[in-house]
Structure formats: C-alpha cells, structure tokens
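> Here is how the chains run, residue by residue.
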Amino acid sequence: MTRYILRRLVYGVFILLGVNLLTFVLFFAVNTPDDMARLAIGGQRVSEEAIEKWKVERGYDKPLFYQAGAQDAARFTDTIFYQRSVPLLRFDFGFSDEGRDIGHEVKTRMGPSLALAIPTFFLGLFASVSFALLLVFFRGTRLDFAGVVVCVVLLSISGLFYIIAGQWLFAKVLRWVPYSGYVEGWHSLRFLVLPVLVGILSRLGAESRFYRSLFLEEAGKDYVRTARAKGLSERVVLFRHILRNAALPILTGTVSAIPLLFMGSLISESFFGIPGLGSYTIDAINAQDFSIVRAMVFLGSALYIVGLVLADISYTLVDPRVRFE
Amino acid sequence: MPEFTFLWTDVFVLILVLLLAVYVWHARRSPALRAAWGSVGRTPSAMCAAIFMVLFLLVGVLDSVHYRPQLPPLPGQESAAPQYSPALRSALDDLLALTQLSQRENTYSAPLALRQFTKETEIVDGRAVRDFPRLKHAGRHLAHEDDRPADIRRRVLAGFAWGGALAFGLGVLLTFAHRLRQPTLAQAWRCWWRRDGTGLPWRAMWITSAVLAIVLAIVARLSVDYHVLGTDRTGNDVLWQCIKSIRTALVIGTLTTVAMLPPALGFGIAAGYFKGRVDDVIQYLYTTLTSIPGVLLIAASVMMMQVYIDTHPELFTTVASRADLRLFMLCLILGFTGWAGLCRLLRAETLKLRELEYVQAARAFGVGHWRIMRRHLLPNVMHIVLITLVLEFSGLVLYEAVLSYLGIGVDPSMPSFGAMIDAARLEMSRDPMVWWNLFGAFIFLLLIVLSANIFADAVQMAFDPRTRRIQPQAASAGAPEAAS
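Chains as they are written, first to last, in the working numbering: chain L, 1 to 325; chain V, 326 to 809.
Hints are computed from structural coordinates only; laboratory data are not their basis.
Heads up, some of the hints might be wrong.
[As the list claims (entries may be wrong)] Pairwise CB distance ranges (calculated):
| # | chain 1 | residue 1 | chain 2 | residue 2 | range |
| --- | --- | --- | --- | --- | --- |
| 1 | V | Ala502 | L | Val149 | 46 to 52 Å |
| 2 | L | Lys230 | V | Val379 | 49 to 55 Å |
| 3 | V | Val583 | L | Val318 | 38 to 44 Å |
| 4 | L | His104 | V | Ile634 | 54 to 60 Å |
| 5 | L | Val153 | V | Gly693 | 49 to 55 Å |
| 6 | V | Glu639 | L | Asp101 | 40 to 46 Å |
| 7 | V | Ala357 | L | Gly103 | 24 to 30 Å |
| 8 | L | Ser47 | V | Gln402 | 40 to 46 Å |
| 9 | L | Arg240 | V | Leu498 | 55 to 61 Å |
| 10 | V | Val583 | L | Val153 | 26 to 32 Å |
| 11 | L | Trp176 | V | His351 | 56 to 62 Å |
| 12 | V | Asp456 | L | Tyr179 | 30 to 36 Å |
| 13 | V | Ala357 | L | Val318 | 45 to 51 Å |
Using N, Cα and C, we set each Cβ at its ideal position, and we do this for glycine too.
Looking at chain V on its own, in the form it has when it is part of the complex (with noise of 0.2 Å):
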C-alpha cells in the first residue's frame, strides 16, 4: 500500500475540483446563472475550447494524485516497518508509463529520431568509435534502421483508424443520446448535426472531439516505441516535460486568483459600502501597491521567500515537497501584489449597487452592516469575480513563463513552460539548431491559452452587461465558425 502524499497545491486542486462540482449544483438550481452559462454554452467557439480546458483540467488532476511507493524490504528486514520511496509519484506518472514517455536518454534527440542528436564515443569490437549512438528507448523493436519511416508511416495510419473508431463511436453514442427525444435514430442524427441555434452546438463540438482524438491516437500510438517530440538536454522527453507543465500552468492561473479574493473582496466591498474615511484608507493602500513596478515587487517578495526556505531545510521532506511550496508561495505573492485591478472594480461596483432600493431597503430595516455586505452585496458583484477569474487566467499563465525566465517564478525542479523557454534561448544558438523544446512548449502554451481566451471572451459577454451591449451587430454578422 503506497503512502499517499497531499502537497500544499494538490489539496488546493481537490478542493476546487470540488468547489466546481459544488458551482455546477448552485447554477443549475438559479435560474440566472443558468441563463447565463446557457449563452456560453450555446457559443460555439467556446464549448469547443472547454473540451480543450477539460482535457487539461483532467491531466492537472491526475497529475496532482501524489503518493510515495512503497519499497520492497531489504533482505533480512521483512517485519520492519514498510519503508517508503523518497521520490513522489502521481496517478498521471503512472498513466505514462505504459508509453516511452517516462524513460531518460542521454541527451538530445530529435523528434522520432533513433540515434542521439551529438555524438558519443563507444567502443565496437574492441575499437574506439565516434558515432551517434541508438537511443535506448526509441525504436527497439526495429530490425533494421532502414524501416523506420515504414513503421512511422503505419503507426499513423493505425493511430488515424483507432481516432476515427473513437470519434465514430462518440457520434454514434450522440445520436443514440438524442434517439430519446426523437422518434428515429434519422431525425435524433439530424437534430444534433444540424443546429437549431437553441441548444448546445453538438456538432462543432463533436468536430473537435473528433480531431482531437485522432491526434491523440495517434501520438499515444507513435510514442509507445519513440519519443514523439524528442528529448531535452538532460534526455527527457519533451513531450512529458508539456504533459507535466501543464499542471504548474493550471496552478499558478487558479491560485494567484483565489489568492486575491480574499483581500480584493473584503477591502472592495468594504470601501464601496462605508465611504468616507474607510473608503480613502483602502484607496492609498491599493494605489501604494499598484505604484510599485509589479515584477521588482514580485522579484522581492520571491527573493525574500527564497532565503526563508533555504534558512529552514528541515520543513521538507522530499524534492517535490519544497517546489511544490515554492510554487504555491509564488502565487499567494502573485495574488498580493495583484488585488488592486479587482479591487478597484469591486469598489466602484458596490458604490454604485448600495445606492439601489434593495439596499437601503435592507439598511430602513436595521439590518447590520456585516449582513448587508454578505447577503446583499457580495452575492452581486459575483460576476465580477467571475469575470476576473477567467480574464486574469491566461495572463498568468503567460506571465509564469517571463518570471520563470527573470529567475523568480518557479522551482527550476519543476517542469514549467517557463524554464523549457528559457532553456530553448541558447538551444536556438546551436547548429543544427534544436527546435523542438521550444516548439512543444509554444504548441501546448498556445493551445492552453487560446483556449481560456475564447473560453474568456464568451463568459464575459454571457455576464458583463457592458460587454453585451457593444457586441451584437458584430456577433451577428460572422457566426464564428467551430475551430478545432
């Protein structure tokens, strides 16, 4: 039985995964909530963008599972106590282990490649000979080299039958989901096919699935035997090194977010809803903060943190542990140095909304002011709130890979987007250049990214009524068109 491990930022994913859940229960049962979430769901570039951020989601989860295996006892020592290895594990390790993913070369290797980028000496029959060696992990299963292309050739065909399969199956399984509402399984295929505008866009959304699981099948299918994107400069694979970046992007989007609700909601309200003396205490606060060039306040706050944890070693167990609280310090200072944006907004909001009847009915009554701010107030600047928390997401993910560059963002033990950029700057420099570090990290930053920007774009227009207001002769005139 392995030891299982929560680490700061694994607990933080669960609960919310969690608070999701909890989310998705509460929008069902208000009906303007729904209403709302119902026009995201009916724009097409969206929902096919949440099929990306589903996928990612699902690899940051996974990924955020940690356990310690269990070592086998020592001779001799079968009745002592169970010792544990010091490395951390999670659920997706486990995942990629069925694939070449996880297994190191040497150094750099080409995408596909079977020999090893630089050359090594090796002894053959007793004689020193300078050659690029086989890789020990790609394409063993060859008799000879000659039949590599061969056998990339098939496995993508094999991979593009086993994509169309699942996509096959997934439009039947549609079809049979809407054969309950329709009397023919004819009338059920035309009725997602073709859209009528009012419920969810099923057909775009299955074009994405569809070609998102032909790819997938097919890079699960080339990576059993090579390594799909080529290997780092320390031999790992590269496109492991994006699969387990993906969680440091999911983290420091989320939590430097949540991480500023706490001061932007209560200083926000509290100056909206009091005025005055309050009001001008919070306004220095914030505009003090903002004056401060943000990265030189983040550069110091993360020096600072650097020189607490290397003053106090015993705090941790294992590698993991210490990166992990880097990381998650990291956005705490993120989200402290950057409450001011929201804030700002919150405070305007609630000047505005404590003017409204309700309010001052609920104050003619002697309701207090705690309870007005909560029950009144806070639920109605929630979108503001929510508008943040899916604006301020890409952004962050992007700024991870500059503070990563600058020296102050992440552990340099943790796989990030950032250090894989920083590593390809002098990588670029070489001849023949080594392209791929930097292509996987632009490929899957670009997908993450794009993604929560269209995702972004629809829930503003579904909540800000500013937003809805300039938008509609433009949304009218070109539907956008479902992009996978």
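Extracted from the complex, chain L is given alone in its bound form (with noise of 0.2 Å):
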C-alpha cells in the first residue's frame, strides 16, 4: 500500500515538471517577454529603452534556457527558465508583476474561495443523490420522466443565467439578501445563501441524471433482483444494495474533486463579488498578468494530482475487491 502510494506520488512530481515545462514554453518561448511587455507597457509604439527597463525590473532580461556568457552552473541557473519555474516546484510563487507576493495572496484568498466552495460542494452533492434517488425509486413513471425532462430543461441552461436571475431575484425584486460582498467571519452567511443556492441549482440538471443512470444500471444487476426476490422491501433494495454499490464510482468523482476546491470558482466569485483565488485569477487574467496565472496553472495541476492520489487510495478503502498490484 505504501509502496503503491509512494510510486503515484513520484508519478505525480514528474507530471508536475511536465506541467511546468509545458507552461513556462507556452508563456516565454512561444511569445517573447519584448511581447508581454509591449503588452504590459500598451501600445505597439514602445520604445526599446522602456522595454529594457521593464524586464530589468521584473527580471526577464536574460536568456530562456542557456546563458552562454556565465560560468559553469550560472549558465543554467542565470535564465528565465530557472529563476522563474524551479521556484514553482517548491510552492515559492515569488511575485507578481505589480509586485505583489503571490503565495501571501493565495494564504488570504483560500478562506473566503473555501467558505463558498465547500458548501456548495456538499450540499450540491447531497441534492444530486437525493433527487436522482428519488426518481430511481419512482423509475418508469410520469414522475421519473418529468424529473429527467427537468434535468435536461436545467442542464440546458447556462450557468450564468442562474446568476443573474437569482441576483435579479432575491437580491433585486425581493431584497432578501445583499447583491455582492463578503466580510469575514459568521456574518459573511447572508453573502454566501445565494451563491452557494445557485451553485446547487446550476450542477443538479447534470449530476442527477448522472447518478440516475449509474443507479439504474446497478438496479438492472443480479444481485438486486435476489434482493427482491428475499422479499426485502423497496426502500431497503434502494439504499442498502444500490445506493452502497453505486457510491463508488460516485465516491473516486467526488474525492478527485475535493482539493480542487481550494481553487474556487471562477464566475460565481467574481459576481458576487468574493475575494477569492477564482476571482484572484480572472482579475489575473484580465491584467494580463502572466506570473499569476502561472502560479495559479501550477497550484491548480499539483491539487489536481493530490486529487488523483486520494481518489486511488478511497476506492481500496471502500471497495476490498480492488488490490494495488
């Protein structure tokens, strides 16, 4: 188990070093930092002096891969390639091109992007479940049919109308609750009812119908139908067999998922106004500014990975057929 364990870690750093590779190729190699800063500066009239200076600043003023000039080591150490993604390996995010320390940022914007995340997350999953549950057990009747039309009713609807008509709604016709914000602390619940609501709303068309065809082809298998013909009820077949069998691919989904949380969402923060990484990373995106996104690319793959790892080691937990070889 260890042994297993310790080989996906190993797994996991080399995809991380892809992962660095590939960015730092597509932020430096393929467009220029003479690019990025006639970008930052604005404008395709910079004069060479200002693009000189703004790389000296911010230190992208040596070559990528190979300084030819320096002395042994230096001529891999002194470049971009070094100074700027070796660091990352160490979680050392440096700073941004406005000169802010990125891992300082991302210490501060974890809470507020967790306090909507998690919510959203658990309750959004406990919804999915019990509506795809509830249309298993009334499967073949009208009922099931009119859930499974509005499932496909409200997958087919973008994420971002359930936003604005829910600000629209409770904000703006009923005035329950504030349009946007966030403030620290307890009080930051009547900020975060909405989002969190709409959140739910917005994943339940898919993840229902989802669950709802993984629990009908578990209903279809032996096992249930000598459920059944012991003469146990309904309700029991339901959540004793189905449900217990069915958790796990539902279980490797939903553990895969969970360090990704740490990422936030990006539109829903950036509506209702959360100081989070989601929003972090749009204002980000928006500046143009490279060294975030970078940071944040590097974050979001190495979670992701920790993701992988906990998915693996749940399913052996939960499921003793399976065997590491």
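Please dock the two separately framed chains into a single complex, following the hints provided.
Here you go:
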C-alpha cells in the first residue's frame, strides 16, 4: 500500500515537471518577454528603452534556457527558466508583475474560496444524489419522466443565467440578500446563501441525470433481483444495495474533486464579489498578469494530482475487491 | 459581380455540410448504421429536436456565405478596376434586409416600442424639448401612436393565419406523399397521423413544424415594421444579434470537436494498440494536459494568440476576417486542450478490440500495424467519436458564453451569446430594467442547447450499447410525447 502511494506520488512529481515545462514554453517561448512588455506597457509604438526597463525591473532580461557568457552552473541558473520555474516546484510563487507577493495572496484568499466552495460542493452532492434516488425509486412512472425532463432543461441553461436571475430575484426584487460582497467571519453567511444556492441549482441537472443512470445500471444487476426475490422492501433494496454499490464511482469522482475546491469558482466568485482565488485568477487574466496565471496553473495541477492519489486510496478503502498491483 | 470571400470558418462550415452529405450517403448503404439511425428516427423527441437543429444549421450555412459587394464607381473613374466594400456581407444579411432587423437605432428600445428607452433633447418648433424620441425604423407607417396595439394585434393574427396556412399545406403535402403507398387519401392521412411505431413520428414532427411555422410567421410579420425583441445599447436589433450569434455557437460546437479528433484518434488508438512504452508516454502526455485547470490553459493560449494577432495586423484585410481567425483559433485551442477525455475513451475501447479474433487474425496474416489500425480499429471506434461529437456540442455552446464573459472568448466585434449575456449583466441593474437583451439570448441559447441535448440522448441510446442496456425499463413506461 505504502509503496503504491509512493509510486503514485513520484509519478505526480513527474507530471508536475511536465506541467511546469509546458506552461513555461507556452508563456515564454511562444510569447517572448518583449511581447509581454509591449502588451503590459500598451500599444505598438513602445520604445526599446521602455521595454528593456520593464524587463530588468521584473527579471525577464535573461536568456530562456542557456546563458552562454556565464560560469559553470550559472549558465543554467542565471536564466528565466531556472529563476521562474524551479521555485514553483518548492511552491514559492514569487512576485506578480504588479510586485505583490503571490504566496501571501494565495494564503489570504483561500479562506473565502473555501467558504463558498465547500458548502456548494457538499450540499450540491447531497441534493443531486437525493434527487437521483427519488427518480430511481419512481422509475418508469410519469414522475420519473418529468424529473428527467426537468434535468435536461436545467442542464441546458447556462450557469450565467442562474446567477443573473438569482441576483435579480433575491437581491433586487425580494431584497432578501445583498447583491454581492463578503466579510470575514460568520457574518458572511448572508453573502454566501445566494451563491451557494445558485451553485447547487446549476449543477443539479447534469449531476442527478448522471447519478440516475449509475443507479439504474446497478438496479438492473442480478444481486438486486435476488434481494427483491428474498422479499426485501424496495426502500431497503434502494438504500442498502443500490446506493452502496453505486457509491463507488460517485466516491472516486467526489474525492478527486475535493482538492480542487481550494481553487475556488471563477464565475460565481467574480459575480458575487467574493475575494477568493477564483476572482484573483480572473483579475489576473484581465490584467494579463502572466506570473499569477502561471502560479495558479501550477497550484491547480498540483491539487489535481493530489486528488488523483486520494481517489486511488479511497477506492481501495471502500472496495476490498480492488487490490494494488 | 460581388467578390466572394471565404473565411476560415466559412470553409469549415461548407466542408462540414459536404461531409454530412457524404456520411448520409454512406450510412444509407451500411445496414448497421441504417438500423442505428433508424432507431434515432423513431424517437419522437429526437426528431422534433432535429427540426430545430436543421433550422439552426440552415441559418448557420446561410450566414457562412460571405461576399464583399462591389461599390459604385466614382464619377470620372468608370473604367477603373472595380472597388469592393471593406465590410463583409453574408447571404443571411441579404435575407434579413427584407425586414427591419438590420436597421439600427440610436440606443436601447423596448420590444415592439415606438419610442426610445432613454430621453434625448430634441428641437421642436425652435425650442429644446426633452422627450423619448421616436424610433427611426419602428412603426413608421402608423398615422397615430395609439394605433400601435391594434396594428400589432392585426399583424399577430395575420402571422397566425399565414403560419397556419403553411402548416396546413405541409399536412396536405405529407398526406399526398403517403398517398403513393396507400389506396385512399383518408388512409394515407391516418397512416401518418396514427403512428404504428415503425416509421418516422410524422405527427409529432408535423405539430412541431406547425408551431414553429406559426411563431416564425408572427415574428416575420411583426419584424417588418417593429423591433420584436427591442434594441441593445448601440441600437442593434436584439433579434438580429441572436440570429447572427447562431453561427458562432454552431462553429464553436462543431469545429472544436473536429479539432480534437486528430490527436485523440491518433494517440488513443496508438496507445491502445501498441501498449507498453507508447502507452506510457501517451498516458503521461494526457494526464499532464488534464491536470492543468482547463480555463487557465485556455486563457493562457488565448492570451498568446492575442499577442500574435496584435503584432501581425498586416495579415487581415477586414475586421471580420480578424474576428473570424480569432474564432477559428479559439476552436483549435479548445480542441487542443480538450482531447484527453476522448483519447482515454478511445484507448480503452482499442485495448478491448485488439484482443478480438478479427484483429488477431489480421495480425497472423501479417497485415501491417498501420493497416490494422486504419482498416480494423478505426471503423470500430467511430461510434464513440460520433457520440462524443453530439454530446460535446451543447456543452461547448454553453462554454462559449462563459469564456466570452471571462474576456477570452470570441472577438468583441463578432455577435455571440456570451457577449450578449456579458452586456446584460449591467443592464439588469438599470431601473427600469433592460431585460430583453438577456431574454433574447436566453431563449435562443436554450433552444439550441435543449434541442442538441435531446438529439444527443437519442443518438447515444442508438449507438452506445451501455446506455441501451439500462434504458428499456424506463423508456417503455413513459414514451416521450411530442415536445414542441
């Protein structure tokens, strides 16, 4: 078991190296620091001196991979690649193009992100699974059909509409909750109710339809027929047999998504003015701040890999049939 | 003679239509494909959705025939080479020119309104008056403004009559078409009205077309003299914006999946077929790609593309061609970042297929790797490609709205639902509220995505053995009724 986890973690490190190289190529080789400087300063007619000054200030005035004029190791260390990409592997994000410490920003913004993401995720999961179970309980009836229709309609509506409609109805017309904003501590509850609700609703259609098909697949299996033949009630069959067996694929999907909750949600954070990592990323994209985007890419990939490893481990814990090779 | 211009996405749309025709011809000859598509054809909801899809496709294709109209020669230079307008027009623009849709106002106006939404200062009889000015292109024929409700009512009734007549004509046509195989007209009518479960669901399709025809006739009748869905901030007709956005949505939904096919097919089949080292490398490749948060990777790539476009302005002759290249590149980027999911499915399927007897036999006969992959594996994974193509479509159309909101979507000069929703965000906070822009985008986006989803479900049911296994018990009880 330990050996398996170690092997997965080493594989994860290799993936991170790949991510690092890929983002470096994407950000620096395709798009030279000169272009970035021109974009940051603005306009086509930027003098050479201004570009040089911008580059020196931010440490972009070095060759990409190989410094020909330097001594031994400095040939490789005195390059943009070494100075910009290698610290990322130690989770040292450095400074943004604006000059702020990215690591500090990440730490302070993680709280609001989690305050929104965790309730949305777990309440949403609960709502979707319950709805799917309800449909499976009434499978083949008009209620099931109506439920599937509702799911298809719900998942055909863009998430942006839910947010805009929710803000309009609850904040503008009914005035139950504020439009947007965030404060520290428990008082943030009234700011978070609407985003959480909207987040649950926008996931409900797609997820409960998916879970319903998972449950239906289990419901067609032999052991379910055996359970019914024994005379067990439908309720027991549903909760004790179908739900427990179908929980396996749900669990892997869920566990691998949990670490990514740290990243926050891009859209709803920016709509509801919550100062989390999602809105931080969006601001960086809009301001074309490459350092922040690169740091967030790296953080996201690392969390994704943690999620993969967690999913593998949880799989073996709940299903004794799964063994590590 | 105008100068026809083929933009990148135009070429793609036209090739796609051509490929669709080739596929239909191919599917008709293959018994397996005919049976699968037959089962799609027997699903009433899917065929009703298909009617909408065909309509949207038609709009998209018409909007993809671009040309630059020839400008009238300047006085004194009649013999010089013909000059062409710098603005591109499409065949759809010419069709819409018959109505009031392409006419612009100054700024916001409510649906079917005669006057602008905001007050302006006008000079009346030499004095400055602040009032809501009359619209330039709405209800010009009315003698008095109070006639508007009566006029609208008359137009709605006329549109209803026209649409009803069209639907009736369709019904008569259907009956006569069935008359070829039935002895009497009454039996022919009964044949398509009372469906026996084997042929196409004609009744549901007819009801859908009838509703569609009536709505379209009413809208067409009204849009000759009014702005049916009002106008947006810059005075463009919202209905016109919606219709023009259809093409953008269609291109994003299809071109992206087509762009993912080469890497997904190549890597997926190679990984499943060769196993071992090749498989390891390819798995590493797509795990690396999927581990990067999708939106960020897309944002990074789009930022790179933006820099390239900004530094090479000489490549584009018109604004439309620059916007179009951006759309084209956006689809390629989405495809490049999104092929991992399809690749994983194809790899798993190929792993299964390569152990089957016919592949083993081919290998025993000494058939080359390339030939085995092309002749034996590729045709047998095509159903996965097809299912992915239809399933991804609706998700991508919705994704475009999100990307445009984030500012990494299509060019701002290109009409798109994302841009409309983005604009609506500020309009909702006005008082009184400007709701029609969002409403228009909502209706059209819902129609496109809903019909695509319903159609995709039927396709998946017909082609995916796994869904077919779990579905029958649910499908037998509540037979989906005609949803129009």
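> Run every hint past the structure and note whether it holds.
Here is what the structure says about each hint:
no., hint, result
1, Ala502/V / Val149/L: 46 to 52 Å, "violated, 31 Å"
2, Lys230/L / Val379/V: 49 to 55 Å, "holds, 52 Å"
3, Val583/V / Val318/L: 38 to 44 Å, "holds, 40 Å"
4, His104/L / Ile634/V: 54 to 60 Å, "violated, 35 Å"
5, Val153/L / Gly693/V: 49 to 55 Å, "holds, 50 Å"
6, Glu639/V / Asp101/L: 40 to 46 Å, "holds, 41 Å"
7, Ala357/V / Gly103/L: 24 to 30 Å, "violated, 58 Å"
8, Ser47/L / Gln402/V: 40 to 46 Å, "holds, 42 Å"
9, Arg240/L / Leu498/V: 55 to 61 Å, "holds, 57 Å"
10, Val583/V / Val153/L: 26 to 32 Å, "holds, 28 Å"
11, Trp176/L / His351/V: 56 to 62 Å, "holds, 57 Å"
12, Asp456/V / Tyr179/L: 30 to 36 Å, "holds, 32 Å"
13, Ala357/V / Val318/L: 45 to 51 Å, "violated, 40 Å"
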